[in-house]
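S.K.: In case you want the letters, here they are:
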Amino acid sequence: MTTKRLLTAFAVLIIMWLIVPTLVIVPMSFNEAPSFNFPPKGFSLRWYENFFTDPNWLKALFSSLQVAVLTMFVATAVGVLASLGLSKVKFRGKGLLEGYFLLPLIVPGIVLAVGLYSLFLRMDLLGTLPGFVLAHTIVSMPLVITNVMASLQGLDPRLEQASSSLGAGKVRTFFSITLPLIAPGVMAGALFAFVTSFDEVILSLFIQSPTLQTLPVKIFNSVTQTNDPTVAAVAVITMLTSVIVMLVAQFATRKRKRPVAA
Amino acid sequence: MTDQTVTGGIAAGSAPGAGGGTPRRRIPSNWRTLLLFVPAFVIVTLFFLAPLIDVFIRSITDPKLGLQNYEWLFTTDANIAVIVRTFGTAFIVTFVCLLLAYPYAYLMTIVGDRARNALQLFIMMPLWTSILVRTLAWMVLLQDTGPINGLLAAWFGIGPIPLIRTTFGVALGMSQVLLPFMVLPLYSSMSKIDKRLLPAAANLGAGPITRFFTVYLPLSRPGIFSGGVTVFILGLGFYIIPALLGSSKESMISALIQQQISVFLMWGQGTALGIFLLVCTILILVIVSRFNKNGSLFPGVDK
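Sequences listed follow chains E and D, in order. For the first sequence, the numbering used here assigns the number 1 to the initial residue and increments by one for each residue that follows. For the second sequence, the numbering used here assigns the number 1001 to the initial residue and increments by one for each residue that follows.
Read the hints as simulated data drawn from the structure, not as lab findings. Careful: at least some of the hints might be erroneous.
[Said to hold, decoys possible] If you want the ones that stay clear, here's a sample from chain D, every Cβ over 10 Å from chain E, calculated:
(1) Arg1032
(2) Asn1079
(3) Val1084
(4) Leu1121
(5) Leu1132
(6) Thr1145
(7) Ala1153
(8) Thr1167
(9) Leu1204
(10) Thr1210
(11) Ile1233
(12) Ile1257
[As the list claims (entries may be wrong)] In silico contact screen, one side only, chain E against chain D (beta carbon under 10 Å); selected entries:
(13) Thr22
(14) Ser35
(15) Gly85
(16) Phe101
(17) Ile106
(18) Leu112
(19) Leu116
(20) Glu200
(21) Val223
[As the list claims (entries may be wrong)] Derived lysine to any residue pairs resembling SDA-like cross-links, with alpha carbons at most 20 Å apart:
(22) E/Lys170 with E/Leu159
(23) E/Lys41 with D/Val1111
(24) E/Lys4 with D/Lys1249
(25) D/Lys1249 with D/Ser1188
(26) E/Lys4 with D/Val1111
Think of the CB as a built atom: it goes at the ideal place given N, C-alpha and C, for glycine as much as any other residue.
Please work from the sequences and hints to get the whole structure.
M.R.: As structure tokens, then:
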């Protein structure tokens, strides 16, 4: 019993270490003084005002949202198709194919970033919207596939069989039977893809151009080159965006258990 | 998996309504299922495999065909120092994560469902915030005029101790980010350990320390392996945290790659470093998956 109590105390410390340090950024964003010192002095919204009146920051925010939404659609569409394929066919080397799709998760980001930079340089894709979306799709799609595969594994194959024996074609069966049943997994995958793209830094740093920079790139450049406390406000905004999206994803996956595994 | 195969190809034969069951129809239906892979395959090949091949080709052709870039890599003392530092930092981070994650994961196996879900949620929550934002927060906390040094000065009258721009700062930030990747595989392997084994060992006269080292620890080895490998290889490739929490004295392989390519425009040398990092990652995965039979190539990737 005492062991359990000790372990609990230890776990609380770990949780605090994981979560509390990040929160210092919140009071920093309301700092009155134009410095990065903690604790902040006074209360002001000037850094938020700075952010929302600076066309450069707003442009980066808009680019980030644009890239993240497009990435979400591309990665989800392509990832769902691939997951369906992986769950339906059986052939030698299927495991290899699945591994191939998941490989971007373990390859060091910097190596892929350099490769994409080199490739995009020649294809004239540097700092372009399609370039960003394709690069982000590569790292987002594995998350869609793992989520959708998990949903598909809990799916009763007899439901699809019943549908097709009642005369529904493959496409109709997919849209009226399969998709609604795996919707929570698809939804979670899509949200993961959005957040991955919205937070992606290394690839974006390499494929950026002065005309197209995502928010994390702008934050990184601002931190390394200037001492502008506006980044604290920007950080809080991006943090809130990711947390809200992930809460929705969490909610979606929690609901998953009821319809699919019933 | 096998059940689902039925719906794919052979179902046409067993379900008369669907496909008529003629052999003529069977082949195209299976062939059409393969079409589902095409978009993913094309995207991954063109924008993942092709860039990596491009990196490799550049490393042996830039500026001229040959292995001179690899020779440079292994004969320059500064490079060796960076490589040793990268592996050293990744190792420290892995060790710290293991020490912190082990009791946490163990606690997850002995509490009720609700507490376990809460513990799991708390571990996942940091992943909802980008590495960049969390690193920014550490920058604020660790700076010489930051709150940690402030407390040290107020309570113990010492300081300011350099925390930022040190290996300590880098390891602290990296461990915080990578801890979840250690806890989850550890928990999944510990939850499979038969709870009756420890009392059994106690019955046979083993003390708590013997029980832990001869029974529990060996049984949790798959989790230690897959968590350790994930943390280690992710740690090898870190760029953002060393760039912001370290100094040029703490730079790791990633920073060196970035520097060679973006600053010195030495594509050959930068890409050779990249291939070296990639090969190390793959080698570690292959070696460990050999030792760890039930571990897959993708340990705990569900981030």
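S.K.: If a hint holds in the structure, say so; if it doesn't, say that too.
M.R.: Structure-based check of all given hints:
no., hint, in the structure
1, Arg1032, "violated (8 Å)"
2, Asn1079, "holds (15 Å)"
3, Val1084, "holds (17 Å)"
4, Leu1121, "violated (8 Å)"
5, Leu1132, "violated (5 Å)"
6, Thr1145, "violated (6 Å)"
7, Ala1153, "holds (14 Å)"
8, Thr1167, "holds (18 Å)"
9, Leu1204, "holds (21 Å)"
10, Thr1210, "holds (16 Å)"
11, Ile1233, "violated (6 Å)"
12, Ile1257, "violated (5 Å)"
13, Thr22, "holds (5 Å)"
14, Ser35, "holds (9 Å)"
15, Gly85, "holds (3 Å)"
16, Phe101, "holds (6 Å)"
17, Ile106, "holds (6 Å)"
18, Leu112, "holds (6 Å)"
19, Leu116, "holds (5 Å)"
20, Glu200, "holds (8 Å)"
21, Val223, "holds (7 Å)"
22, E/Lys170 with E/Leu159, "holds (13 Å)"
23, E/Lys41 with D/Val1111, "violated (43 Å)"
24, E/Lys4 with D/Lys1249, "violated (42 Å)"
25, D/Lys1249 with D/Ser1188, "violated (38 Å)"
26, E/Lys4 with D/Val1111, "holds (9 Å)"
Hint compliance for this structure: hints 1, 4, 5, 6, 11, 12, 23, 24 and 25 are not met, and every other hint is.
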